[in-house]
Amino acid sequence: MFVAEYLVDFNGTQAVIRAGYNPNPRTAEVQAFRLLRTDKIRAEVQRL
138 MFVAEYLVDF NGTQAVIRAG YNPNPRTAEV QAFRLLRTDK IRAEVQRL
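In the working numbering, the protein residues as written are 138 to 185.
By construction, these hints were calculated from the structure, which means they are not laboratory data.
What you are looking at is a predicted structure, and each value in this text was computed from that prediction instead of being measured.
Some clues are possibly wrong.
Here are the computed distance ranges between Cβ atoms for each label pair [said to hold, decoys possible]:
#1 146 to 171: 18 to 24 Å
#2 147 to 176: 27 to 33 Å
#3 146 to 180: 16 to 22 Å
In this text, a Cβ means the ideal position worked out from N, Cα and C, and glycines have one as well.
Could you put together the complete structure from these sequences and hints?
Now the structure itself:
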């Protein structure tokens, strides 16, 4: 879900919020940073 939302506008913070992870913008920013550094997420973004 995060990857699909990220591909909408390439905004990690908003993608985390839209995907339902965390509505707090400050913690969503940190979560997006962590997600985008994982190999699985990076591979999926490149695949799409």
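Against the structure, the hints:
1. 146 to 171: 18 to 24 Å: 19 Å, holds
2. 147 to 176: 27 to 33 Å: This hint is violated: roughly 19 Å between Cβ atoms.
3. 146 to 180: 16 to 22 Å: 20 Å, holds
Against the hints set out earlier in the document, a violation occurs for number 2 only.
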